[in-house]
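Letter by letter, the chains look like this.
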Amino acid sequence: MRGIREPTAVPPTTILIIPAFNEAERVGAVVQAVRAQGLGLDVVVVDDGSTDKTASVARAAGATVISHPYNLGYGCALHTGYCHAWRAGYQRLLQMDADGQHDPTMLVRLVEALDRGSDVALGSRYVAGGAPPNSAAKRIATRLFAAIASRWTGMRITDPTSGFQGLSRRALECVVNDGFPEDYPDTDVLVEHHRAGLKLTEVPVRMHARAGGLSMHRGARIAYYGYKMLLTLMLLPVRRPTPLRARDTVARCS
Amino acid sequence: MIASVLDTVGDITPLLDRQRYVALTVAATIVVVVCELVRRRKLREEYSWVWVATAVVVAALALEGDVLTYLSAFVGSSSPVWTLFFGTMLFVLALTLQFSVRLSRLTHRHRTLGQRLALLEAELQRLREREEAQRSADRRAANRAAPDREHDVVA
Numbered sequence: 001m002r003g004i005r006e007p008t009a010v011p012p013t014t015i016l017i018i019p020a021f022n023e024a025e026r027v028g029a030v031v032q033a034v035r036a037q038g039l040g041l042d043v044v045v046v047d048d049g050s051t052d053k054t055a056s057v058a059r060a061a062g063a064t065v066i067s068h069p070y071n072l073g074y075g076c077a078l079h080t081g082y083c084h085a086w087r088a089g090y091q092r093l094l095q096m097d098a099d100g101q102h103d104p105t106m107l108v109r110l111v112e113a114l115d116r117g118s119d120v121a122l123g124s125r126y127v128a129g130g131a132p133p134n135s136a137a138k139r140i141a142t143r144l145f146a147a148i149a150s151r152w153t154g155m156r157i158t159d160p161t162s163g164f165q166g167l168s169r170r171a172l173e174c175v176v177n178d179g180f181p182e183d184y185p186d187t188d189v190l191v192e193h194h195r196a197g198l199k200l201t202e203v204p205v206r207m208h209a210r211a212g213g214l215s216m217h218r219g220a221r222i223a224y225y226g227y228k229m230l231l232t233l234m235l236l237p238v239r240r241p242t243p244l245r246a247r248d249t250v251a252r253c254s
Numbered sequence: 255m256i257a258s259v260l261d262t263v264g265d266i267t268p269l270l271d272r273q274r275y276v277a278l279t280v281a282a283t284i285v286v287v288v289c290e291l292v293r294r295r296k297l298r299e300e301y302s303w304v305w306v307a308t309a310v311v312v313a314a315l316a317l318e319g320d321v322l323t324y325l326s327a328f329v330g331s332s333s334p335v336w337t338l339f340f341g342t343m344l345f346v347l348a349l350t351l352q353f354s355v356r357l358s359r360l361t362h363r364h365r366t367l368g369q370r371l372a373l374l375e376a377e378l379q380r381l382r383e384r385e386e387a388q389r390s391a392d393r394r395a396a397n398r399a400a401p402d403r404e405h406d407v408v409a
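Going line by line, the protein sequences match chains A and B.
Heads up, the first sequence is in my numbering, so the first residue is 1 and it goes up one at a time.
Heads up, the second sequence is in my numbering, so the first residue is 255 and it goes up one at a time.
Hints listed in this document are in silico derivations from the structure and should not be mistaken for laboratory results.
Positions of the beta carbon are idealized from the N, C-alpha and C atoms, including for glycine.
Please note that the accuracy of each hint is not assured.
[To be verified] From the derived model, a few chain A residues whose C-beta atoms are all more than 10 angstroms from chain B:
| hint | residue |
| --- | --- |
| 1 | A24 |
| 2 | G89 |
| 3 | A136 |
| 4 | N177 |
| 5 | T201 |
| 6 | A223 |
[As the list claims (entries may be wrong)] Partner residues aside, some chain B positions facing chain A, computed with beta carbon under 10 angstroms:
| hint | residue |
| --- | --- |
| 7 | A307 |
| 8 | A313 |
| 9 | A314 |
| 10 | T361 |
| 11 | H362 |
| 12 | H364 |
| 13 | R365 |
| 14 | L367 |
| 15 | Q369 |
| 16 | R370 |
| 17 | L371 |
| 18 | L373 |
| 19 | E375 |
| 20 | E377 |
| 21 | Q379 |
| 22 | R380 |
Please build the complete structure, drawing on both the sequences and the hints.
The structure is reproduced here in structure tokens:
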């Protein structure tokens with residue numbers, strides 16, 4: 001018989017999202033290192049309109065690739081990954097950066113935290129006494145937003161800017177909302193998770209120095225980051241959830 | 255309040271003819287340029303009307319000097335020229351704010367569009383791969399059954 005048959009019914013469980021922008025030199029190694037862990041993760045690289053070979057390198061390394069037609073920003077790449085996971089019905093989502101800072105051997109810690117009933121597992125490099133960032137502006141920003149995040153979520157958060165996270169299906173339901181920030185989604189998202197009644201846990205993880213390339217937190221952008229984050233946090237209690245009338249326009253399939 | 259405004263009206267020198275001509279020329283130029291841009295389809299009608307409205311208000315105030323004098327007294331300015339151009343500036347400010355709002359909306363739409371396109375392409379790719387796998391499976395099955403059938407056809 002011809003035609004498309006339904007695939008064998010294996011329930012999709014855990015997905016790993018790796019947002020990548022011009023990381024052709026690093027993303028391949030990251031994907032291979034993840035697959036070498038043998039955790040049975042579906043690895044999806046969200047290529048955020050890279051101008052280099054990020055997409056083909058990631059595909060060759062064995063990842064599924066979703067490519068933005070143009071650069072939309074880190075938060076947007078994450079959001080696309082969230083919506084893909086939501087549409088496909090995944091029960092858990094992990095996310096890590098493509099630049100090799102996040103150690104794939106630590107993924108299992110995030111999974112364990114989710115297994116213990118957390119909705120959001122936040123990989124922190126400071127819980128285990130890791131080194132603070134090297135630039136003064138970054139140190140101040142991290143301290144400030146760690147303090148705000150801790151205060152507003154009622155728990156100790158040491159690394160609010162960490163992109164090394166695990167989310168449960170419940171948390172996923174919150175982040176597929178179209179109001180998800182397009183740039184620097186960290187402290188505000190954590191506070192919003194807390195307001196939505198999700199259970200947050202900080203998990204100690206080891207992180208590496210960047211293996212080359214440029215960090216998105218640099219120069220004048222730190223000043224904008226501080227401004228944007230303070231404004232967002234201040235408006236959080238009174239802000240509308242999404243700029244459009246229809247909710248979840250990306251998360252819905254049809 | 256109104257009495258004090260009326261008191262100061264007398265102190266304000268109305269627009270000089272030369273100032274009036276300059277204001278009218280500016281207003282006329284705005285209208286001509288906007289119409290020309292709409293004609294060349296470089297400017298959409300929906301964005302043109304605020305510009306035309308600005309020009310009309312400037313022209314009306316320049317022609318109707320009394321209104322401008324009262325307005326100047328009301329905002330506490332001693333010169334109607336200042337009032338005229340301050341008013342124009344407010345219009346332009348409102349215009350840029352409106353553009354920022356439209357830009358934010360467009361950014362959101364363009365972002366959503368890009369995301370949906372990316373997800374759609376990924377889905378299409380997945381379906382194509384599945385269909386391809388299905389086809390080759392069917393071909394293998396057909397090949398296994400083929401010798402008999404070929405024999406039948408030949409016979």
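How the hints compare with the structure:
{"no.": "1", "hint": "A24", "result": "18 angstroms, holds"}
{"no.": "2", "hint": "G89", "result": "14 angstroms, holds"}
{"no.": "3", "hint": "A136", "result": "32 angstroms, holds"}
{"no.": "4", "hint": "N177", "result": "12 angstroms, holds"}
{"no.": "5", "hint": "T201", "result": "29 angstroms, holds"}
{"no.": "6", "hint": "A223", "result": "20 angstroms, holds"}
{"no.": "7", "hint": "A307", "result": "27 angstroms, violated"}
{"no.": "8", "hint": "A313", "result": "38 angstroms, violated"}
{"no.": "9", "hint": "A314", "result": "37 angstroms, violated"}
{"no.": "10", "hint": "T361", "result": "8 angstroms, holds"}
{"no.": "11", "hint": "H362", "result": "5 angstroms, holds"}
{"no.": "12", "hint": "H364", "result": "9 angstroms, holds"}
{"no.": "13", "hint": "R365", "result": "6 angstroms, holds"}
{"no.": "14", "hint": "L367", "result": "9 angstroms, holds"}
{"no.": "15", "hint": "Q369", "result": "5 angstroms, holds"}
{"no.": "16", "hint": "R370", "result": "6 angstroms, holds"}
{"no.": "17", "hint": "L371", "result": "6 angstroms, holds"}
{"no.": "18", "hint": "L373", "result": "6 angstroms, holds"}
{"no.": "19", "hint": "E375", "result": "7 angstroms, holds"}
{"no.": "20", "hint": "E377", "result": "8 angstroms, holds"}
{"no.": "21", "hint": "Q379", "result": "8 angstroms, holds"}
{"no.": "22", "hint": "R380", "result": "8 angstroms, holds"}
Violated hints for the displayed structure, listed by number in ascending order: 7, 8, 9.
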